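Asker: Chains as they are written, first to last, in the numbering used here: chain A, 1 to 457; chain B, 1 to 457.
Since the hints were derived computationally from the structure, they do not count as laboratory data. Keep in mind that the hints are not guaranteed to be accurate.
Identical copies carry no separate label here, and so any pair may be met within one copy or between two of them.
Straight line, CA to CA, 25 Å or less: simulated DSS-like cross-link-like pairs of lysine-lysine [said to hold, decoys possible]:
id	residue 1	residue 2
1	29	404
2	410	79
3	94	129
4	94	8
5	79	8
6	128	94
7	410	8
8	8	255
9	41	454
10	165	28
11	29	129
12	255	79
13	404	171
14	94	255
15	41	128
16	128	79
Only a predicted model underlies this, so the values are computations on that prediction, with no experimental measurement involved.
2 protein chains.
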Amino acid sequence: MKTEIPYKIYLSENEMPTHYYNVRADMKKKPAPLLNPGTLKPMTAEELGGVFCSDLVAQELDDTTAYIAIPDEIRSFYKMYRPSPLVRAYELEKRLQTPAHIYYKFEGNNTSGSHKLNSAIAQAYYAKKQGLRGVTTETGAGQWGTALSMACAYLNLDCRVYMVKVSYEQKPFRREVMRTYGATVTPSPSMTTEVGRRILQEHPNTTGSLGCAISEAVEDALSRDGYRYVLGSVLSQVLLHQSVIGQEAKTAMDKYGIVPDIIIGCAGGGSNLGGLIAPFMGAQLRGENRYHFIAVEPASCPSLTRGRYAYDFCDTGNVCPMAKMYTLGSGFIPSANHAGGLRYHGMSPILSELYDQGLIEARAVEQTSVFEAAEYFARVEGILPAPESSHAIRVAIDEALKCKETGEEKNILFGLTGTGYFDLIAYQNYNDGTMTDYIPTDQELEASFATLPKVDR
Amino acid sequence: MKTEIPYKIYLSENEMPTHYYNVRADMKKKPAPLLNPGTLKPMTAEELGGVFCSDLVAQELDDTTAYIAIPDEIRSFYKMYRPSPLVRAYELEKRLQTPAHIYYKFEGNNTSGSHKLNSAIAQAYYAKKQGLRGVTTETGAGQWGTALSMACAYLNLDCRVYMVKVSYEQKPFRREVMRTYGATVTPSPSMTTEVGRRILQEHPNTTGSLGCAISEAVEDALSRDGYRYVLGSVLSQVLLHQSVIGQEAKTAMDKYGIVPDIIIGCAGGGSNLGGLIAPFMGAQLRGENRYHFIAVEPASCPSLTRGRYAYDFCDTGNVCPMAKMYTLGSGFIPSANHAGGLRYHGMSPILSELYDQGLIEARAVEQTSVFEAAEYFARVEGILPAPESSHAIRVAIDEALKCKETGEEKNILFGLTGTGYFDLIAYQNYNDGTMTDYIPTDQELEASFATLPKVDR
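Isolated chain A (complex conformation) (with noise of 0.2 Å):
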């Protein structure tokens, strides 16, 4: 006899990942190494220590050990809101009259409204742990932000956020969340920086990008005794914790005997769809299993669909060590009609390598689609999903649409990444009909490419 899967699969919290699950381990080929962009030289261990905290650059560095032990105090942090369930959305199976079954991992009940918080926590902690007195971060839609904010206030480590004007102007309420935690959140590119006066000489009306607000960050961590700089994706860092999704899904799914056919997650900078996968990609990597890996990118900022795999800077201001990825060239502006997240023009290093060693697909969807998806999907399954979520909402319709078609019954399972409740200005176009797509045009693409360091490795 079959068990019958509940709606939510909670696990209990003695059952939550004791390890964080470092991918890389299990990966033969490795991803290429950090660039100290002076010397094109790999970044050691005591240059990236003058911008990150020690044990982050430890963990950054460590492409061999498979597990890494999460600290006691941050397991404390994530039973406050982990773990996080795992859903069978049978209400949306049944909409659309599909065989297949569809499963969320629900990472956004949180306050962070993401699964950012899994970093944050981690990074402020080992800040804390180093004896620092603050950090410094960017942040686009707000949401690691609001997360590191949220983990600084916990361990009473200051925290100073470069948000993206763009975003600061459309999201005062993200900014007044950060400052409920204690935060002090500049809109970017600001006056305080010498790279954001430089950026805002050459392009006074600029709104602003994620890739400038690193660099106002770097640029501040390195300017102050005691801080260091935090980054919400990308970095191998950020996928290692991430890994406790990936874990925590794949522990669910074990309980009930249930094995993924197709995993999709939304793909920004990285960290989400690398955590959800991480220990599956591992099973596959060691010959236990296959799935079907899919990353979803807007297609105005199509990173892995459209971009090149090279070495580039990750921010505007070339102040970063270099990183070999799947990029649009750190002068790409995504466009202004383009809401949410995932507008990062690179990707993690670990999963531009994955992709391209043909293991991950990757689609490309544009937003209307997106948010029609997204509204489907909140009047079916209850939960207002993020604009970046909801790019995985949309490929997981379409292949449970696939299996309506084949008759399949394939397991779907997908990343909710989080809610959409600061992104209401974007449904309200979508709801106003007012919301347009855009794709950039291979000369458009062309112009951002020759943004690409020359690096011949």
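Given chain A, work out where chain B should sit, using these hints.
Answerer: Only chain B this time, still in chain A's reference frame:
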């Protein structure tokens, strides 16, 4: 050996309540009946059926059946977001250095952001079952309107919401969530109803009130074929549905052998407090146990602590039945500086009667002290609470600090009804130091008491 209590106690889906619990069945002295404002006689089922769905009328009038089965369709919907967690506030206890054990039942993990969804789906279900085309309602802070929109979208019912104008303007994003769920949202008072036009003529600059929005919603329902009016609080049917909160909390506590000494909830119309305490109050009324119940209300709208226990109109336009309740008079308009909900001039007749019998303590708290507690809680426990819920947090902290003085290891349970993601203007005022308190003078209350009808019962 004592079982260790996890951070969050989740019931399994088959431990969720199968019946609503009707506390009136265990009350020897029942709440007074609703009266027809014309005849001053108890409202009959037929009279009520013109305004409300028939199954809900039956529930409203039934004060003897203790357990009413929850239909499967409603239980399926509940499974999408329930059971809600009973959380042990370990971190809060640690920071307060209190020997008290603090628990909260968290109802905010759904897109409506509050417990309101528990009754919204029930009311929408009965409307659908009756073959109605749609429902009308009012909303103040917006939680109820959002909840009803979600329930109606799920059941494919039309939903027409009259939103208190000040909230409509201050919370455009709440409105947008409702629109995303397909609801029509009208700021109240409006020119679309007779009562709205009358109120606007008398008070052209009014920013609206809950009592006024109720009148408009009722008139709207009466003017359309296949529509009924639904209400998110005050009515006994609503407390009945909300009993799922208390039942889940009690089951979870029973499982771990925890008996709450103090049970705290915020009280506006009484839906959350009534639902949270119902099964505990039932046990006390049956002589099985004793608890210290505390209702917390805003000092700016003090219906229990300074109101009169009398028959009053439920709405400003006097189109609804009259209820015997603790009330400030239907002419009472809460101070404009008051943030969030809990603005209703009256109180649930059930809670009013229990309070009158001395079974509940009531406390009024001022809003700056409420936001101080809210911010403290957010930073320690991670969740950004709704202003309404923060009234209960304030008193839970006060009681925990008393335990610190006396050394008592009391079990404190409070209702965390919702999240504050749509209340950030209020948080901003608090962060900016511009938030003020307001306590109505005796003269002001005398003036609003003068609006009480003369009913000799």
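Asker: Hint by hint, work out which the structure violates, then give me just those numbers in ascending order.
Answerer: 1, 10, 11, 13 and 15
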